[in-house]
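Working from the sequences, and respecting the hints, build out all of it.
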Amino acid sequence: METVNIMIVGVGGQGSLLASKMLGHLLVNAGYDVKVSEVHGMSQRGGSVVTYVRFGDKVYSPIIDKGEADFIVSFELLEAARWIAYLKPTGRVVTNTQQMEPMPVIAGLAQYPENLVEKMRAKGIQVDAMDCLALAEEAGSAKAVNMVLMGRLSHYFPDIAPEAWQASLEANVPAKVLELNRKAFALGQKG
1 METVNIMIVG VGGQGSLLAS KMLGHLLVNA GYDVKVSEVH GMSQRGGSVV TYVRFGDKVY
61 SPIIDKGEAD FIVSFELLEA ARWIAYLKPT GRVVTNTQQM EPMPVIAGLA QYPENLVEKM
121 RAKGIQVDAM DCLALAEEAG SAKAVNMVLM GRLSHYFPDI APEAWQASLE ANVPAKVLEL
181 NRKAFALGQK G
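According to UniProt numbering, numbering within the sequence shown proceeds without interruption in unit steps and concludes at 191.
Watch out, some of these pointers could steer you wrong.
[What the hints assert, rightly or not] Derived lysine-lysine pairs resembling BS3-like cross-links, with alpha carbons at most 27 Å apart:
(1) K58 x K35
(2) K143 x K21
(3) K21 x K58
(4) K88 x K35
(5) K176 x K190
[Claimed, not checked] Distance ranges between label pairs, derived from CB positions:
(6) I63 x I160: 16 to 26 Å
(7) M1 x I63: 12 to 22 Å
(8) K88 x D159: 14 to 24 Å
Calculated directly from the structure, the hints in this document are not laboratory data.
Beta carbons: idealized from backbone N, C-alpha and C, even for Gly.
Given below as C-alpha coordinates:
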(Lines of atoms letter the chains of each structure in order from A and count residues from 1; the text may use other names and numbers.)
(Lines give C-alpha, C1' and ligand atoms only; values in the text may rest on other atoms or scores of the structure.)
Protein backbone atom coordinates (compact mmCIF):
# COMPACT_ATOMS: atom_id res chain seq x y z
CA MET A 1 0.00 0.00 0.00
CA GLU A 2 1.19 3.50 -0.81
CA THR A 3 1.87 5.69 2.23
CA VAL A 4 -1.03 7.96 3.20
CA ASN A 5 -0.13 11.38 4.55
CA ILE A 6 -2.36 13.38 6.90
CA MET A 7 -1.53 16.83 8.24
CA ILE A 8 -3.42 18.03 11.29
CA VAL A 9 -3.21 21.82 11.51
CA GLY A 10 -4.69 24.37 13.85
CA VAL A 11 -4.07 26.79 16.63
CA GLY A 12 -2.52 25.85 19.97
CA GLY A 13 -5.01 24.61 22.54
CA GLN A 14 -7.57 23.24 20.07
CA GLY A 15 -6.88 19.55 20.68
CA SER A 16 -4.74 18.62 17.71
CA LEU A 17 -2.43 16.54 19.91
CA LEU A 18 -5.31 14.33 21.08
CA ALA A 19 -6.59 14.02 17.50
CA SER A 20 -3.18 12.90 16.20
CA LYS A 21 -2.72 10.50 19.13
CA MET A 22 -6.15 8.94 18.49
CA LEU A 23 -5.46 8.67 14.76
CA GLY A 24 -2.07 7.04 15.36
CA HIS A 25 -3.64 4.55 17.79
CA LEU A 26 -6.40 3.72 15.29
CA LEU A 27 -3.98 3.11 12.42
CA VAL A 28 -1.53 0.99 14.45
CA ASN A 29 -4.45 -1.18 15.59
CA ALA A 30 -5.56 -1.48 11.95
CA GLY A 31 -2.18 -3.10 11.21
CA TYR A 32 -0.35 -0.24 9.49
CA ASP A 33 3.16 1.02 10.04
CA VAL A 34 2.54 4.50 11.46
CA LYS A 35 4.72 7.53 12.11
CA VAL A 36 3.33 10.51 14.02
CA SER A 37 5.43 13.65 14.36
CA GLU A 38 5.60 15.80 17.43
CA VAL A 39 3.45 18.90 17.46
CA HIS A 40 5.37 21.71 15.78
CA GLY A 41 4.63 25.34 16.57
CA MET A 42 3.40 27.52 19.41
CA SER A 43 1.06 24.89 20.81
CA GLN A 44 0.51 26.57 24.19
CA ARG A 45 0.31 30.17 23.01
CA GLY A 46 -2.46 30.16 20.43
CA GLY A 47 0.03 29.98 17.57
CA SER A 48 -0.05 27.84 14.45
CA VAL A 49 0.56 24.11 15.09
CA VAL A 50 1.00 21.15 12.77
CA THR A 51 1.28 17.40 13.32
CA TYR A 52 2.02 14.81 10.65
CA VAL A 53 0.47 11.32 10.61
CA ARG A 54 1.80 8.93 7.97
CA PHE A 55 0.75 5.31 7.51
CA GLY A 56 1.17 2.42 5.10
CA ASP A 57 3.02 -0.89 4.72
CA LYS A 58 6.37 0.67 5.69
CA VAL A 59 6.87 4.31 6.66
CA TYR A 60 10.39 5.62 7.15
CA SER A 61 9.85 9.23 8.22
CA PRO A 62 7.14 11.20 10.01
CA ILE A 63 7.71 14.30 7.85
CA ILE A 64 5.40 15.40 5.01
CA ASP A 65 6.85 17.66 2.32
CA LYS A 66 5.05 20.15 0.09
CA GLY A 67 2.70 18.47 -2.37
CA GLU A 68 2.53 15.17 -0.41
CA ALA A 69 -0.49 15.45 1.93
CA ASP A 70 -3.49 13.31 1.07
CA PHE A 71 -5.48 15.11 3.76
CA ILE A 72 -5.17 18.39 5.59
CA VAL A 73 -7.39 18.27 8.65
CA SER A 74 -7.77 21.83 9.87
CA PHE A 75 -9.16 23.12 13.14
CA GLU A 76 -9.36 26.67 11.79
CA LEU A 77 -10.04 28.07 8.32
CA LEU A 78 -6.96 30.26 7.85
CA GLU A 79 -4.73 27.36 8.95
CA ALA A 80 -6.22 25.25 6.13
CA ALA A 81 -5.27 27.96 3.63
CA ARG A 82 -1.84 28.49 5.22
CA TRP A 83 -0.78 24.86 4.68
CA ILE A 84 -2.43 24.28 1.27
CA ALA A 85 0.94 24.03 -0.54
CA TYR A 86 1.44 20.69 1.24
CA LEU A 87 -1.67 19.15 -0.34
CA LYS A 88 -1.40 16.70 -3.25
CA PRO A 89 -3.34 17.74 -6.37
CA THR A 90 -5.71 14.84 -5.57
CA GLY A 91 -5.77 15.61 -1.83
CA ARG A 92 -8.63 16.84 0.30
CA VAL A 93 -9.03 19.50 2.97
CA VAL A 94 -11.32 18.61 5.88
CA THR A 95 -11.82 21.84 7.79
CA ASN A 96 -13.68 23.55 10.56
CA THR A 97 -15.15 26.85 9.33
CA GLN A 98 -14.30 28.56 12.61
CA GLN A 99 -12.17 31.69 12.25
CA MET A 100 -9.67 32.57 14.96
CA GLU A 101 -7.97 35.89 14.38
CA PRO A 102 -4.16 35.70 14.36
CA MET A 103 -2.12 38.38 16.12
CA PRO A 104 -1.66 40.66 13.05
CA VAL A 105 -5.46 40.82 12.66
CA ILE A 106 -5.99 41.41 16.39
CA ALA A 107 -3.38 44.19 16.29
CA GLY A 108 -5.11 45.83 13.31
CA LEU A 109 -2.14 45.24 11.00
CA ALA A 110 -3.99 42.89 8.66
CA GLN A 111 -7.48 41.70 7.81
CA TYR A 112 -8.73 38.13 8.06
CA PRO A 113 -9.04 36.86 4.46
CA GLU A 114 -12.61 36.47 3.25
CA ASN A 115 -14.23 33.57 1.39
CA LEU A 116 -11.38 31.13 2.00
CA VAL A 117 -13.44 28.00 1.25
CA GLU A 118 -14.62 29.48 -2.05
CA LYS A 119 -11.07 30.58 -2.94
CA MET A 120 -9.68 27.09 -2.28
CA ARG A 121 -12.47 25.45 -4.30
CA ALA A 122 -11.87 27.92 -7.16
CA LYS A 123 -8.32 26.51 -7.34
CA GLY A 124 -9.75 23.01 -7.81
CA ILE A 125 -9.11 21.90 -4.23
CA GLN A 126 -11.52 19.40 -2.72
CA VAL A 127 -12.77 21.04 0.48
CA ASP A 128 -15.05 19.43 3.06
CA ALA A 129 -15.92 22.39 5.30
CA MET A 130 -18.30 22.33 8.25
CA ASP A 131 -19.01 24.30 11.42
CA CYS A 132 -17.30 21.91 13.81
CA LEU A 133 -17.49 24.41 16.68
CA ALA A 134 -21.30 24.48 16.53
CA LEU A 135 -21.41 20.66 16.49
CA ALA A 136 -18.93 20.44 19.39
CA GLU A 137 -21.07 22.85 21.41
CA GLU A 138 -24.15 20.77 20.53
CA ALA A 139 -22.29 17.75 21.93
CA GLY A 140 -21.61 19.66 25.14
CA SER A 141 -18.24 21.44 24.86
CA ALA A 142 -16.40 23.73 22.43
CA LYS A 143 -13.30 21.67 23.29
CA ALA A 144 -14.70 18.69 21.34
CA VAL A 145 -13.98 20.22 17.90
CA ASN A 146 -11.18 17.65 17.54
CA MET A 147 -13.62 14.73 17.81
CA VAL A 148 -16.05 16.34 15.37
CA LEU A 149 -13.18 16.57 12.88
CA MET A 150 -12.15 12.95 13.53
CA GLY A 151 -15.75 11.88 12.95
CA ARG A 152 -15.76 13.74 9.64
CA LEU A 153 -12.38 12.29 8.62
CA SER A 154 -13.68 8.76 9.26
CA HIS A 155 -15.85 9.14 6.11
CA TYR A 156 -12.74 8.95 3.99
CA PHE A 157 -11.53 5.66 5.47
CA PRO A 158 -14.33 3.19 4.68
CA ASP A 159 -11.96 0.23 5.18
CA ILE A 160 -11.61 1.04 8.89
CA ALA A 161 -14.63 -0.18 10.85
CA PRO A 162 -16.66 2.31 12.91
CA GLU A 163 -15.98 0.10 15.95
CA ALA A 164 -12.23 0.63 15.49
CA TRP A 165 -12.70 4.42 15.54
CA GLN A 166 -14.76 4.08 18.72
CA ALA A 167 -12.15 1.85 20.36
CA SER A 168 -9.42 4.41 19.65
CA LEU A 169 -11.60 7.22 20.94
CA GLU A 170 -12.22 5.27 24.16
CA ALA A 171 -8.50 4.45 24.54
CA ASN A 172 -7.41 8.09 24.23
CA VAL A 173 -10.16 10.20 25.83
CA PRO A 174 -10.46 10.50 29.63
CA ALA A 175 -13.47 8.62 31.04
CA LYS A 176 -15.04 11.77 32.52
CA VAL A 177 -15.52 13.29 29.03
CA LEU A 178 -15.93 10.09 27.03
CA GLU A 179 -19.67 10.36 26.40
CA LEU A 180 -19.41 13.98 25.27
CA ASN A 181 -16.60 13.05 22.85
CA ARG A 182 -18.57 10.08 21.50
CA LYS A 183 -21.44 12.44 20.76
CA ALA A 184 -19.10 14.96 19.06
CA PHE A 185 -17.57 12.19 16.91
CA ALA A 186 -21.06 11.01 15.89
CA LEU A 187 -22.12 14.54 14.95
CA GLY A 188 -19.01 14.88 12.81
CA GLN A 189 -19.79 11.57 11.10
CA LYS A 190 -23.28 12.77 10.20
CA GLY A 191 -21.85 16.06 8.94
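Hint check:
no., hint, result
1, K58 x K35, "10 Å, holds"
2, K143 x K21, "16 Å, holds"
3, K21 x K58, "19 Å, holds"
4, K88 x K35, "19 Å, holds"
5, K176 x K190, "24 Å, holds"
6, I63 x I160: 16 to 26 Å, "24 Å, holds"
7, M1 x I63: 12 to 22 Å, "19 Å, holds"
8, K88 x D159: 14 to 24 Å, "19 Å, holds"
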